[in-house]
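Spelled out, the chains give:
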Amino acid sequence: METVTAQDRTTAFDAAVAADERIEPRDWMPDAYRATLVRQIAQHAHSEIIGMQPEANWITRAPSLRRKAILIAKVQDEAGHGLYLYSAAETLGTGRDELLDKLHSGRQKYSSIFNYPTLTWADVGAIGWLVDGAAITNQVPLCRCSYGPYARAMVRICKEESFHQRQGYESLLALSRGTPEQHEMAQDAVNRWWWPSLMMFGPPDDESAHSAQSMAWKIKRHSNDELRQRFVDICVPQAETLGLTLPDPELKWNEDRGHHDFGPIDWTEFREVLKGNGPCNEQRITQRKRAHDEGAWVREAAAAYAAKHDTARHTAQAGAAPAAATAPLHGEATA
Amino acid sequence: MTESTDWPLWEVFVRSRRGLSHTHAGSLHAPDAEMALRNARDLYTRRNEGVSLWVVPSAAITASSPDEKDSFFEPAGDKPYRHPTFYEIPEGVKHL
Numbered sequence: 001m002e003t004v005t006a007q008d009r010t011t012a013f014d015a016a017v018a019a020d021e022r023i024e025p026r027d028w029m030p031d032a033y034r035a036t037l038v039r040q041i042a043q044h045a046h047s048e049i050i051g052m053q054p055e056a057n058w059i060t061r062a063p064s065l066r067r068k069a070i071l072i073a074k075v076q077d078e079a080g081h082g083l084y085l086y087s088a089a090e091t092l093g094t095g096r097d098e099l100l101d102k103l104h105s106g107r108q109k110y111s112s113i114f115n116y117p118t119l120t121w122a123d124v125g126a127i128g129w130l131v132d133g134a135a136i137t138n139q140v141p142l143c144r145c146s147y148g149p150y151a152r153a154m155v156r157i158c159k160e161e162s163f164h165q166r167q168g169y170e171s172l173l174a175l176s177r178g179t180p181e182q183h184e185m186a187q188d189a190v191n192r193w194w195w196p197s198l199m200m201f202g203p204p205d206d207e208s209a210h211s212a213q214s215m216a217w218k219i220k221r222h223s224n225d226e227l228r229q230r231f232v233d234i235c236v237p238q239a240e241t242l243g244l245t246l247p248d249p250e251l252k253w254n255e256d257r258g259h260h261d262f263g264p265i266d267w268t269e270f271r272e273v274l275k276g277n278g279p280c281n282e283q284r285i286t287q288r289k290r291a292h293d294e295g296a297w298v299r300e301a302a303a304a305y306a307a308k309h310d311t312a313r314h315t316a317q318a319g320a321a322p323a324a325a326t327a328p329l330h331g332e333a334t335a
Numbered sequence: 336m337t338e339s340t341d342w343p344l345w346e347v348f349v350r351s352r353r354g355l356s357h358t359h360a361g362s363l364h365a366p367d368a369e370m371a372l373r374n375a376r377d378l379y380t381r382r383n384e385g386v387s388l389w390v391v392p393s394a395a396i397t398a399s400s401p402d403e404k405d406s407f408f409e410p411a412g413d414k415p416y417r418h419p420t421f422y423e424i425p426e427g428v429k430h431l
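Heads up: the protein sequence lines correspond to chains A and B, in order. Residues in the first sequence are numbered consecutively from 1, following our numbering. Residues in the second sequence are numbered consecutively from 336, following our numbering.
Since the hints were derived computationally from the structure, they do not count as laboratory data. In this text the structure is predicted, and so the values were computed from the model without any measurement. One or more hints might be untrue.
A partial selection of chain A residues facing chain B, derived with a Cβ cut-off under 8 Å [as the list claims (entries may be wrong)]:
| no. | residue |
| --- | --- |
| 1 | E24 |
| 2 | G80 |
| 3 | L83 |
We put the CB at the ideal spot given by N, CA and C, even for glycine.
Excised from the complex, chain A in its bound form (with noise of 0.2 Å):
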C-alpha cells in the first residue's frame, strides 16, 4: 500500500463531501469535522432523553387509555432516539459514559425547548404539534448529512415522529373541537409553546455561530431562518383547521415574498434559558442524574449476571479462553 500523505486524505475528504458521498466511521475526517459532529448529535441525544421529561409528567393524568397508551409509546420512542443518536455519537470514538457525563455536569446542552413545563395536558398536544414539528423540519434534511451513521439515525428517527406530530395534531384538534374550557385550554398551550418553537431553529443567521462551516460540510443543509421560515408556513394552514390562533399579531401572508411575515423572536429570553435560567433547566437535570443514579443498581446487577454466565460457561470449557474480551469503543467499527 502506498503512504497516504496529509493532503491526499484532505483532498479525498473534500472530493467525497463535493460529491455528496457519505463520510463513515473508519474514513479519514478534520479533528474538528469530527469535533462539530460530536456536539451537535450529542446535543441532539441529549435532547432526546431529557425531552422524555415534559411528557412523561402526564403519562399518569392521560385524560383516557387511548391517550395513555399513545403518550407512553411516545415517550418510549424518544428514549429510542437518544439511543441511536449516542450510537453514531459513539462511532466518533466518543464513549455514552462521557457523553453522559458532559450532559450531567452541563458542559454540553439540550435544546431549550425542554426547559419549559408542560402545566396542562393541551401542552402534550402542543408539544406533539409544535415542538416536534419544529424538530421535523429541521431533522428532514439531515436525513442528507454527510456523516452515513447520523443521516441513518435520522431516517429511523424521522419516521418516527411522524407519529409524534400527528397524535399531538389529533389531541389538540379533540380539544379545540371540545368543550369551551378545553378549547381555551388548547389556545393557552398553543400560545404559550408558538415562540419557544421557533427559538428551536437556533439564532438568526446572521448570528449562528457554526452555521457557515456546518454548511460546508454538508452536515447542515439549510439556514436556520429558512427552516424557520418553512415552519411558520407550515403551521398558519394547520392552526387554521384547528380553530386556534396563533399568537402574533404581526402573523400575515406577504404576497410578495411568497411566505408569511411575522414579529419579532425574544432572543433575550433564548439567551436566557440557554444560560440556565429558563423555568426547568435545574429540575430537568437534577432528575435526569437522579435516574442514572438510581438505576446504578439495575447495570451493576446485569453487568454482574453476565459476568457470572460468562465465567459458568468457560469452566465448562476445559482450557477456554478467560473473560470475554472488551468491544473496542468505535460502533459500527466495521461499518
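Mind docking chain B on chain A? Use the hints.
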C-alpha cells in the same frame, strides 16, 4: 458509584420479513448476548420491523480497511466482461 463502562457493543441485524436477508440496523450496548437481543427488540423492532434478529459482538467483526479501499477492490475494476452488458448481440435475438 460503579460505572458500567464495560458493557460490550453489539451490532444488530434485522430480517424484515421471511425471504429477505438480515441487514444491519445499528448498534447498542448490553452486558451479554441475551440482553443484547432483548434490547435490540425494544430498540429496532418497535413497529414490527423484523421477524428475526441477530446480535454480533462488534469486536468479532473483521473489516477491510478504508485506507486501501481502492487497491483492495481493484481486481474487479478492469473486468467489465463479467457483466452481461459487455457483449454485443445482434438486434432481434430473443431470450438472451
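For each hint, the structure was consulted:
| no. | hint | result |
| --- | --- | --- |
| 1 | E24 | 7 Å, holds |
| 2 | G80 | 6 Å, holds |
| 3 | L83 | 6 Å, holds |
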